[in-house]
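S.K.: Residue numbers (our numbering), protein chains in the order written: chain A, 1 to 272; chain B, 1 to 250; chain C, 1 to 480.
The hints are simulated quantities; they were obtained by calculation from the structure and are not laboratory data. Incorrect hints may appear among the rest.
[Said to hold, decoys possible] Cut-off 25 angstroms, straight-line C-alpha distance, at most; resulting in silico cross-link-like pairs (SDA-like, lysine to any residue): (1) B:LYS122 - B:LYS52; (2) C:LYS345 - A:GLY214; (3) A:LYS199 - C:TYR387.
[Stated by the list, open to error] Anything over 12 angstroms on all C-beta distances counts as not near chain A; from chain B, calculated: (4) ALA102; (5) GLU105; (6) GLY111; (7) LEU191; (8) LYS238.
Beta carbons are placed, not taken as given, at the ideal position from N, Cα and C, and that holds for glycine.
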Amino acid sequence: MLFLEYLKSVGLESPRSGDEIVLADGSSATLLYNPSAATCGVAEQGEESLVVVYTHAESSSLSFDLLPYSKLRLVEVYLAGAKAQRKIRQQAGSVCDITSIVVADAEVNYAIDLNGHGASNLLRSAFIVGGEEHSKVDVRVNHNSSDCTSDSLVKGVAGGRAVGEFCGMVYVAPDAQRTDAKQTSRNVEIGADAKIITKPQLEIYADDVKCSHGATVGQLDGEAIFYMRQRGLSEKQARKVQIEGFVGEVVFSSDQLGEVLAEELIHKLESL
Amino acid sequence: MLSIKNLHASIGDKPILRGINLEVKAGEVHAIMGPNGSGKSTLASVLAGNEKFTVTDGSVEFLGQNLMELSIEDRARLGLFLGFQYPVEIPGVTMANFMKMAVNEQRKYRGEEPLSAGQFLKLMKQKSAVVELDSKLTSRAVNEGFSGGEKKKNEIFQMAMLEPKLAILDETDSGLDIDALRVVATGVTKLHTEENATVVITHYQRLLDYIVPDFVHVLYKGQIIYSGDKTLALKLEKEGYDWLINDYKE
Amino acid sequence: MAEKDKDLIEKIDKEYEYGFTTDIETETIGRCLNEDVIRLISAKKEEPEWMLERRLKAFRHWQKMPLPTWAHLDIPEIDFQDIIYYAAPKQRKKLGSMDEVDPELKRTFDKLGIPLEEQMALAGVAVDAVMDSVSVKTTFRETLAEKGIIFCSISEAIREYPDLVKKYLGSVVPYTDNFYAALNAAVFSDGSFCYIPKGVRCPMELSTYFRINAEGTGQFERTLLVADEGSYVSYLEGCTAPQRDENQLHAAVVEIVVERDAEVKYSTVQNWYPGDKEGKGGIYNFVTKRGLCRQNAHLSWTQVETGSAITWKYPSCVLLGDNSVGEFYSVAMTNNFQQADTGTKMIHIGRNTRSRIVSKGISAGKSQNAYRGLVRVAKGADNARNYSQCDSLLIGDKCGAHTFPEIDSHNPTAVLEHEATTSKISEDQLFYCNQRGISTEDAVGLIVNGYAREVLSKLPMEFAVEAQKLLAISLEGSVG
C-alpha cells in the first residue's frame, strides 16, 4: 500500500492544501498536507506525533520548539519536489525523532539546535532519485549545550541521470562537553550517468566529545547478488532486494506507517 | 544426476580446474578432499555458476540438462544448492523475506502455487528445528551479525527449506566447534534421502564421522588424482597427502 | 685541493647563504608589486624572455583574481603591495664555532637529536668544519650525474634545461589555478628542479643528501619534480629544525609529474615559525602542491605539519592514467594560536585508479585545525576506489578540530569510503602513564606519537625518529 492509499484507508480522502488533520487510526498523529509555513510547539513533557506529506511542489518553512522533556516524532514524505526548511529547537531533555523519505526532486534542509542539556535527536532519511531529478538533503546539528546526543543517518540511491546530494554538519560549541554525535551518509549509484555528492562535516570546539562521521559511495555487492541467485532469486530480484535492504534500514519500524513508507521507497525503486 | 566431463575453468588467465571428471548418482554422498589451493572451492563455485570463473573446456550435465547453459538462479531452482564457505551478509534484508522469495521462486519454476504467509511460516518453523536454529535469527537480516556457527547452521537451514536434489557443501565444517559441528552434520544427514545427493568439500575426517561418504576423491592441481571409499579419508587424516602427491609427481 | 672541490665548497657555501638566521644582509627591491618588479626579478635571475612572458601573464591574471575566503581560517588582511618580492641573499656572516650559536636554538637541536655536523651547517657555522658530509656529498653528486638525474635550483634549470622546464612548468598547477599559485607564478624566487630519466631508480633518498641545502629557497618557492617513465624517487622537503624567516607570507608551488609506471614519494616536514604563545608573528604558509599521475604511476604524499601561524595546503593527486595510485598521509599539529586548513584532493580520471587518505589532526592550546578533502570520480573512471580516514585529537577545551570532506562521484562503479573520528587524550590514559612514572608531558608525547604512527611510519626512517621528537616539542606547554 502506498502512502496516499494509506491515507485513504485511514479515512483521509484528499485533504486540501495546508490542512491539518488528526490521523484516525488511533495513532493520534497529526497530518499536515503540503504545508507552506507553520510553527509547532511541543509543551513541557508533552508528546506529539506529526506526519507531513508533499504531493506537489511547494516552498515551505516549518519550525518546531521542543520544550523541556518533550517528545516529537516527525515523519516527512516528499512525493513531490518541495523546497523545505526545517528549524528544530530542542530544550533540555527533549527527544526528537525524524524520519524523512524523499522520492522526488526535493531539497530538504534540517537545522537542528540542541539548546538544552541532555537533548537528543535521531534522524533517519532516505532519498531515491532517478531520471533527471536532483535531490538534496541538508542536515545541520548544532550541539549548543552539554550532554546532548545526535545520530543522523542518510541513505541515498541515484539512478538514471539523477543527482543525489547530502550535506551534513555537526557543530559542537565550546563548552558543549560530553557531546555524542554521529553522522552517516551511505550511498549507492545505480545509473551509469548518476551522480552522488556527499559532504559530511564536523566543526568541534569542545574536547570531551565523541564525534564520528562516515560516508560511503558504492554499488551493489556482487557477492551478495551471487548468493541470492544461488538461492533461486533472479538477478533483478536480487538487486532489488539488496537496495530495499539498503534503504529499508531508514524506515524499519513495526508500525503500519513504517511498512507504508517502505512500500513507497520500493515503488520508487521499481520506477528507476 | 550430475555428470562432469573434462571440466576446465580459469580465473582471468590462470587455469584452476584442469580436467575434472566426476559422476554423482542419486542417493550418494561424495567427499572431495585435497590440500589448500587444489581447486575444491572453485569446483563448487563453477558448478553454481559464479561468473568470476570462466569455463574453458568440458561439460556438465545435471538432471539431464546442460548445466553450463543455465543461469545461476535456474541452476538453483532446478535443485542445485551451494553451501557457502563464507556465507554473505545482506544488510537490511530479513531472513524470512529472503527465504520466502527463494522458496516461491522455486515453486514458480516448477509450476506450483506460491506458499501463503501462513504456510511459509509453518514451514520455516518446522525446518529451523532441523539445525536447532534460533527462531529469532530468522527475523534478523541475512547473516548479518551471525556468529560463524550460526552462519553455517543458517546454510543448512536454507538447504532444508529448499530441498535440493544436489547439495554441494563447501567447507561447511570449517570454523565450527564440536557442538556446532554435530548439529550441522546431523542436520545434513537428516536431509539425505535416496532421491538426493550430497557433495561434501572438507579438509577433515571429523565431518565424515557423521556424514559417511560412499566415495572420497582427492583433488590436486585441478584434477581428481585418486578416488576411494570412506577408508581413504581415514588414511589421509593419518598420513596426509604426500604419499599421493609424490605418486602423482612421478 | 682540487679545483673541483673548491668549486663544490663554494657552491655549498652559496647554498647555505639562504639560511634562517637574522644576520643576513640582503639586496632588496622596495616594497611593492608591479610589472617592473617582475621584470627586475626576471632580469636579476638572468631569465630568458619566455620566462618573463610567463611571469607577466601570470601577474596580469592574478590582478583579476579575488582572494580566496573559503578556508576555515581567520587571515588578517594582507597588503600585497607591502611585501618585498626580491631579496638577493648576500654572503652571510659565518660563526666561528658552535659556542656562538643561540643557546635556545642549540637546545632544540639537541632535543631533536640532529647530528652535530648538521647542527653546525644549519646554524651557519663555517662549513669546512663539516668536511665529512662534503665528501659524502661529492660521492652522491657523482652517483646522481652517472644516472642522468638532474637536480638543481629552478633558476638554473630555466637557463640550462629550458626544454624540460617549458614542457612541465605550469603543466600540473597552471597560473590560473588559484590566487596564490598565480602570485607564485609571477614572482617565484627560487626552488628545486628534479628530473629522473626513464627507467632510473634514484639510488638514494634525496632527503638524506639535500636536507640541509634545500632550505631557505625563499618565500615564493617553486618546485618541479619530473619522474619520467618507469623511474622512482623519494624526495624530502623541509627540516625538523625550527625555521625562522623574516618574510611573513609564503606562497609555494610544488608540481610533480609522474609519468607512466613511475613512482614518487614526496615527504614534507614543515616547521616554520608558528608565532609566539600570544599568537604574535609567525609565517603564513599558503601552498599549492599537486601531482599528475599517468598510467600505472604512483604518487605518495607524506606530510608532518607543525609550524606556521596559518597553514593553507592541499597536496593533491590527479589520477589521469589507468591504474594509477595516489596516497596522502598527514599529521597536522597546531598549538597556541596556530590555524591550519589542510588536506588533499584525489581526482580520479583514469580507470582502476586507487587512492588512500590518512589524516591525523592534533589540536592543542587555542588553535584551530581543519581537514579539508575532496575525492572526485570522473565519469570515465571505472572501478575507482578511495579509502579515507581522518582523525582528530583534541588536547584541551579551547581548541577546535574540524573535518570538511567532500565526495563527488560520477561513476556507478566507484567504491568510496570516508571515516572520521574525534577523540581526546583521556584522563585514564594519563593517569595510567603517570602511575608508571611517566610525566604528563612525556605521556602526551607518547600518546600523540602512537596516534600519528601510521603516518610517521611512511617517512624515511631516520626522519621518522626526528619527526616524533618534533611532535613532542611542538606540544610543549599544551598540558598541565
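S.K.: Taking the hints in turn, state whether each one holds.
M.R.: Hints, one by one, checked against the model:
no.: 1; hint: B:LYS122 - B:LYS52; verdict: 37 angstroms, violated
no.: 2; hint: C:LYS345 - A:GLY214; verdict: 18 angstroms, holds
no.: 3; hint: A:LYS199 - C:TYR387; verdict: 15 angstroms, holds
no.: 4; hint: ALA102; verdict: 4 angstroms, violated
no.: 5; hint: GLU105; verdict: 4 angstroms, violated
no.: 6; hint: GLY111; verdict: 15 angstroms, holds
no.: 7; hint: LEU191; verdict: 16 angstroms, holds
no.: 8; hint: LYS238; verdict: 35 angstroms, holds
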